[in-house]
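Colleague: Take a look at the letters that make up each chain.
2 protein chains.
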Amino acid sequence: MVKISKEDLSLHNLKKLIKKEFNETDKLIKNQINSDVNRIPKLSKHIIDLGGKRLRPMLTISCAKMLKIRNKNHIKLAAAVELLHTATLLHDDVVDESIYRRGEKTSHTLWDNKSSILVGDFLLGKAFQLMVKTNSIECLNILSKAAAIIAEGEVLQLVETNNVSIKEINYIKIIESKTAALFSSACEVGGIVSGANKSQRKNLFNFGKNLGTAFQLKDDALDYDGSSNKMGKNNGDDFYDGKVTLPIILAMKNASKKEKDFLKKTFNKKVRNKTDLEIAKKIIRDKDTINQTLKLANRYGEKAKYIMRDFENNPIRNALIDLVDFSLIRNH
Amino acid sequence: MVKISKEDLSLHNLKKLIKKEFNETDKLIKNQINSDVNRIPKLSKHIIDLGGKRLRPMLTISCAKMLKIRNKNHIKLAAAVELLHTATLLHDDVVDESIYRRGEKTSHTLWDNKSSILVGDFLLGKAFQLMVKTNSIECLNILSKAAAIIAEGEVLQLVETNNVSIKEINYIKIIESKTAALFSSACEVGGIVSGANKSQRKNLFNFGKNLGTAFQLKDDALDYDGSSNKMGKNNGDDFYDGKVTLPIILAMKNASKKEKDFLKKTFNKKVRNKTDLEIAKKIIRDKDTINQTLKLANRYGEKAKYIMRDFENNPIRNALIDLVDFSLIRNH
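Protein chains in written order, with the numbering used here: chain A, 6 to 337; chain B, 6 to 337.
A couple of the hints might just be wrong.
For identical chains, the list gives no copy identity; a pair is met inside one copy or between any two copies.
[Unchecked claim] Here are the simulated DSBU-like cross-link-like pairs (lysine-lysine), alpha carbons at most 30 Å apart as the crow flies:
(1) Lys-32 - Lys-172
(2) Lys-47 - Lys-270
(3) Lys-178 - Lys-32
(4) Lys-275 - Lys-47
(5) Lys-274 - Lys-73
(6) Lys-286 - Lys-119
(7) Lys-248 - Lys-286
(8) Lys-77 - Lys-203
(9) Lys-25 - Lys-35
(10) Lys-73 - Lys-279
(11) Lys-270 - Lys-119
(12) Lys-274 - Lys-47
(13) Lys-58 - Lys-263
(14) Lys-73 - Lys-47
(15) Lys-119 - Lys-172
(16) Lys-262 - Lys-50
(17) Lys-110 - Lys-258
(18) Lys-275 - Lys-20
(19) Lys-119 - Lys-308
(20) Lys-172 - Lys-47
(21) Lys-172 - Lys-50
(22) Lys-178 - Lys-47
Bear in mind the hints are in silico, worked out from the structure with no lab data behind them.
If we strip away everything but chain A, and leave its shape as in the complex, we get (with noise of 0.2 Å):
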């Protein structure tokens, strides 16, 4: 017998119920970064071979199916969000000097800054050749803003780096931005090209905005606490590129002028050490704001859950259900 943990079995039921949208999404995926300059898709497929989870198209589909599926546009439309969230991986990691992104190198270090900028443009409008082929100016709305949305977010998010004072209300603003806005948009066209009501278009909506922002949340803890291996990229990002998340922003609440100190030098360092983080995990772990990010993130999730109880009881409504779950019990 095949053990199978928790973890996999909250993303398992899904996968099942949608592994043929899946895979068609997939394909198309790959038939968008074709060109006759060789670098696009060669370097495209390498970011997204590294792929991930692929939970935003996932939603997508299943939000999609959930109500009443028409015709193949929920598979244009995973396809663009992903290719759409691919290109601003491609940019962030140029921005913020990533060598590795799950364990592997980044497109940036094996070609250059040049090529991922240029070759995230090209995903880009790849993206949005997709959406037009659905011919709903809706869906196009929706994803355009949330395109702007991510790119103002980022740059909040830049603005904000090494700011240890910045308020837990900014901190949730950037992170609705540049990762909740995504799952919201992404679960909103889904249910527009199944015909969805304006109130269950309000509920989708939410319901992505929810996960995302738990999504993230997670992701802040995993970074100061997840193992460097399953997480597949260092952990301690966050902390080596002056990002100040949300276990840095708490702990600086119940800080003593010493630690407090400490953080604001530590954080407008140029550079910042292992001892450095050592320093600053001990820190967190007195304050407890590993915790304390974990809660709010389950607050998020279980708003979403709250909300995705709103749609009739089917099978891929639960299995939703139980993505918000392993959103937040995964351990990478």
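Based on these hints, arrange chain B on the given structure of chain A.
Modeller: Relative to the frame of chain A, chain B by itself:
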């Protein structure tokens, strides 16, 4: 009496004919760059104010006005085209590591690469939002395709950097993608929102394509021939960037073994200096390739003018024909 140069005169008429729409477009562009994240409007304003000639939105407005204006969609599209162009400029300046644009410091020099990348993404999202507001799937199709083609051309140019043996036909392909694709789309979408028929659309597309190619070839010639002041950027930029343009490609054809070796070696160096440029310029002068480049630019320009004569004789049509002349005689 104010003396007006032939160069200024050729743009003068068009500017006068579309002054109102041009100002509306400018206002709309400036509205789009608003954001609570201060760095976004600041950085955007910097690059937009450098502005340049705004030829692309002028094309959209003119092509729409030459036919039959129905609503304000041509203004939205003109602004979208300029925002798309601005986004590519921000990314290009990072890719080319340019310090100056039109005599002013580039955005990534004043802020940083990261901000330029992300604000470029923001402007791209805003461009698509404006297109969506026209409700025209056709226009969205054309411009999303153009966005991907531009990026494809930029990657091809990057791959071919330093390659003095690039074939003329491949170089023209780069130009058609990175420059002419937006010119042709700018013209076509202008026509579409004014109800252009199939053959008019084709003519507008081809007018833009030939004009864009002529425009870029003239740019290539100016970079080896223009004075630094008038050009607003450094003379020799392409050379220092290692970009092999037509004056070099044509010179390679008739160069002696010694000259070929020099050009090959020089373009393969990491950095090229002023002496290198002077020697390259001497080879170019000897082979008369500035004139050959300008002759080819003229051929594309003549094609553009010939196509435009297919439209009914009216002031805007004639001003668009003058615009071709402007593109060819300009000194900046």
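Colleague: Hints first: check each against the structure and report whether it holds.
Modeller: Consistency of the hints with the structure:
no.: 1; hint: Lys-32 - Lys-172; result: neither (43 Å within a copy, 34 Å between copies)
no.: 2; hint: Lys-47 - Lys-270; result: between (42 Å within a copy, 28 Å between copies)
no.: 3; hint: Lys-178 - Lys-32; result: between (34 Å within a copy, 29 Å between copies)
no.: 4; hint: Lys-275 - Lys-47; result: between (33 Å within a copy, 25 Å between copies)
no.: 5; hint: Lys-274 - Lys-73; result: neither (54 Å within a copy, 60 Å between copies)
no.: 6; hint: Lys-286 - Lys-119; result: between (35 Å within a copy, 28 Å between copies)
no.: 7; hint: Lys-248 - Lys-286; result: within (14 Å within a copy, 48 Å between copies)
no.: 8; hint: Lys-77 - Lys-203; result: both (22 Å within a copy, 29 Å between copies)
no.: 9; hint: Lys-25 - Lys-35; result: within (16 Å within a copy, 46 Å between copies)
no.: 10; hint: Lys-73 - Lys-279; result: neither (52 Å within a copy, 67 Å between copies)
no.: 11; hint: Lys-270 - Lys-119; result: between (33 Å within a copy, 23 Å between copies)
no.: 12; hint: Lys-274 - Lys-47; result: between (36 Å within a copy, 26 Å between copies)
no.: 13; hint: Lys-58 - Lys-263; result: neither (41 Å within a copy, 56 Å between copies)
no.: 14; hint: Lys-73 - Lys-47; result: neither (37 Å within a copy, 45 Å between copies)
no.: 15; hint: Lys-119 - Lys-172; result: between (34 Å within a copy, 23 Å between copies)
no.: 16; hint: Lys-262 - Lys-50; result: neither (49 Å within a copy, 41 Å between copies)
no.: 17; hint: Lys-110 - Lys-258; result: neither (36 Å within a copy, 41 Å between copies)
no.: 18; hint: Lys-275 - Lys-20; result: neither (43 Å within a copy, 50 Å between copies)
no.: 19; hint: Lys-119 - Lys-308; result: neither (41 Å within a copy, 34 Å between copies)
no.: 20; hint: Lys-172 - Lys-47; result: between (41 Å within a copy, 23 Å between copies)
no.: 21; hint: Lys-172 - Lys-50; result: between (39 Å within a copy, 28 Å between copies)
no.: 22; hint: Lys-178 - Lys-47; result: between (35 Å within a copy, 21 Å between copies)
Going through the hint list in order, the structure does not satisfy hints 1, 5, 10, 13, 14, 16, 17, 18, 19.
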